[in-house]
Amino acid sequence: MNILLLLIMFPFVVAFVLLGLPTRQYAVRKYIVVASALILSGVSIYLAAQYISGGPQYFSFDAKGADMAILFAEMVFAGIIIRLSLKHKQYLTALLMLIGVALMLGYEIGLAETVHAREILFVDNLSLIMALIIGVIGCIIALFALGYMKDYHEHHPEVKDRTGFFFFIIFAFLGAMYGVVFANSLIWLFGFWEITTLCSFFLIGYSQKDDATKNAFNALKMNLLGGIGFAGAIIFLAYNDQVTQLNQLNGLSSLLPIGLLAFAGLTKAAQMPFSSWLLGAMVAPTPVSALLHSSAMVKAGVYMIIRLSPVFAFENGGAAVGVLVALVGAVTFVMTSFMAIAQSDAKRVLAYSTIANLGLIVVCAGVGTYQLYWAAIMLVIFHAIAKSLLFLSVGSVEHNLGERSIEHMDGLISIMPKVAVGMAIGILGMFLAPFGMLISKWAALEGLVNANAALTIFVAFGGAATLFFWGKWLGKITMVKSAPTDFKAKVSRLEGISLGSLAVMTVLVCLTFPLISRYFLEPLIADIYNQTYLLGQSNVAILLLMMGLMLILPLTLLRSGKRSYREQYLAGANTAKEQFHGSLGTTHSLTMRSFYLSNIFGEAKLFGISVVISIILIVIMIGVGL
Amino acid sequence: MKEYIWILFVVLYVVLAPFIGGLITGIDRKITARMQGRYGPPLLQPFYDVFKLLQKENMAVNKHQQFYVLSFLVFIIVAGSIFFAGGDLLLSIFALTLASIFLVIAAYSTFSPYAYIGAERELIQIMAYEPMVILTIVGMYMVTKSFNVADIAAYNGMLFLKLPAIFLGFLFILTIKLRKSPFDISMSHHAHQEIVRGLTTEFSGKELAYIEISHWYENVMLLGLVFLFFASNPILALLIVAATYFLEIFIDNANSRLKWQSVLISAWVVAFVLGAGNIAVLALWG
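Chains A and B, in that order, are what the protein sequence lines are.
The first sequence begins at 2 in my numbering and counts up by one.
The second sequence begins at 18 in my numbering and counts up by one.
What the hints contain is simulated information worked out from the structure, not anything from laboratory work.
Computed from a prediction, not measured in an experiment: that's the story for all the values here.
Straight line, CA to CA, 30 Å or less: simulated DSSO-like cross-link-like pairs of lysine-lysine:
| id | chain 1 | residue 1 | chain 2 | residue 2 |
| --- | --- | --- | --- | --- |
| 1 | B | K73 | A | K578 |
| 2 | A | K578 | B | K80 |
| 3 | B | K69 | A | K563 |
| 4 | B | K80 | A | K563 |
| 5 | A | K489 | B | K80 |
Take the sequences, apply the hints, and build the full model.
Below, the structure is given as structure tokens:
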């Protein structure tokens, strides 16, 4: 148990040390961050090694003092938020915060005396997987941020250098995420849940520019709304069923609190209609996006829904709530995959793709059969790695080219070969066999056909759109063109190491996923469902064979066959490399622009209708539990 | 012995598919010529063409493109091998998708405007046919309770009877997959549509030969999918496969190329109405 508390507390301690450090102390900060990151990932791995085969374990201790501390911390945060909201004239935010705090105070005064959680913390294989994602991926992102933030402030002299504050929040965020995945007491879970909300608020608003502040408040509003749902669920559970723990969500008198918890999960996972907060979050420095999208925040949202999966699967009436959760996910998956097609900003494409993938996870968790439970967790793992790789490589490209539009990534393979290969691996990892996301999409399809065939229709159409927008991005960066002679890519060593290790991990998890499934997922699933999902042996063999081919085929690039090279055909004489004669004797350089199909897939066409549909679904979802 | 028969099938596919695919192309060209009132090339002309291409000087725009084209060929063979080994149909289709993306990337890599347009249009084609392909497999699973080609082929009864709408939908997107008019927006198989040949503009010699051979492999696999709908009666199935291909040739010659919007929208409407409709019927009364 101590090790769980250590993982939760240690990042907070580091956070306060970093906050106290003067801004100019770059070297000291670097050592502290690197050392803490190594410790955190090391301890996470040690924890996994220790608990992996032990089944779920619960830890009870007297947490009265800690409960009060959490409540006190929440009051302090609420005070800060309300003050900030009033300062920025965000009265709705202040109101939402007030309601949340009032609910918690009411709970403490009215109910905490009669019911309280005993088994405060717990660990099972899902917590371990999440802890590894937070510990390893989160820390790699923190390392990347060291180099990145320095560049960031050189590129943005108008932004006040608050690097110390930045890392304070990053580490607090990691601590809160550990708290979320280890908490069994709903009060603790809620406390850490709200801290992640606040951390993302401060990170999104880091630059203190107008749009950053606006988007930060937007994110805050939506997540506070989810938090109110969460608080309502806690009160309802304690009052009606004397339930205060995550592991007691069975035999409930009503499923309303389950609907509310799912609602909280959907807001945090940025599902429709709450997608806009995650899209707005991209105004933050790139490591923040990487963190929000891969290992923190949104993953807390889907974690919650995955935790509810057994309720959807087994509880009387649970399936009705579950199918509506799944439908929200399905609509989100299809619509955001469509809208991603019409985007040219790389970070926006990534954001839409994240929301879409979370949608797919929600579909799986909402239906919640054992196959889909397997698929949901695998999606979480693969997505965390590939998406952080993509965000960080976009960050590097943006700093070097001064642009993050995909249109400016023409010929990246010739200009920044290493980063381009990393980015290409990330893209492949997102949508093609034999890489991870596709393995889980495959399992998802299989699971859905068995459980609810109608949902496969969503997967079929959404998946097709995914092929298109990843394909055209991959095409852009793999174009071979002449690199400008005066350009020298600058990628710091820490950035290079972060990108490299993520790229290696993307490939590695695909090679080792049968082991992950065997040691992490099968015991977990067998424990809940009394049966487990196995991917056929021969299929695993074929996947590994394909992966082998993917690794070997590039070696043919080294072969120096007899080949003569020609310029590409430009319908006439080329004047120089990649240049041609225009009319009236002018010379043009060759440039190309992609299809965005915005008449069909533009946000203007699809966003409104998606919001309407998803709101209706969510209202029914909560109502059905009554 | 029976467990290893699939190896025989894979070997047969890898060795024979190019010959069958090439012959089909030869017949295709002959019939097409007759439809157009020409005499047409000899039956073996596709083979002569490929042999000649293989002997040509090795010209390229860059170093990467041959790697992508080679990967295209390799993964088409992988996809077909999974299929004819009786393996998982979804996995086979995923391998096929991977191969198609390699071809698209090969075209992109040349940084040529014609190939570029071809590549983007090819992606639109992929996006257009993909939902119907997935729904076809879903439908087959709902009837046979298996994704394995071997189990689907051994299903006791004719799949077509349970999946008539899905079969029609599949025929529709087969036109896209076989690169027939009116859906040949990324590149045409015949010279009657364009002067600069879309996707394959920058490929010559060996690479073009690889692409041609890959198509032969792919076509055999696609016709294998048509076969599956009638597998319970192999002779009928072969006749239907022949009729299907004849129909595709006819459609090819009776139409001119559509705009990409029409290709995408019509394919999705077909997938939604015929594919999803058939699945809904199966789910409700299956």
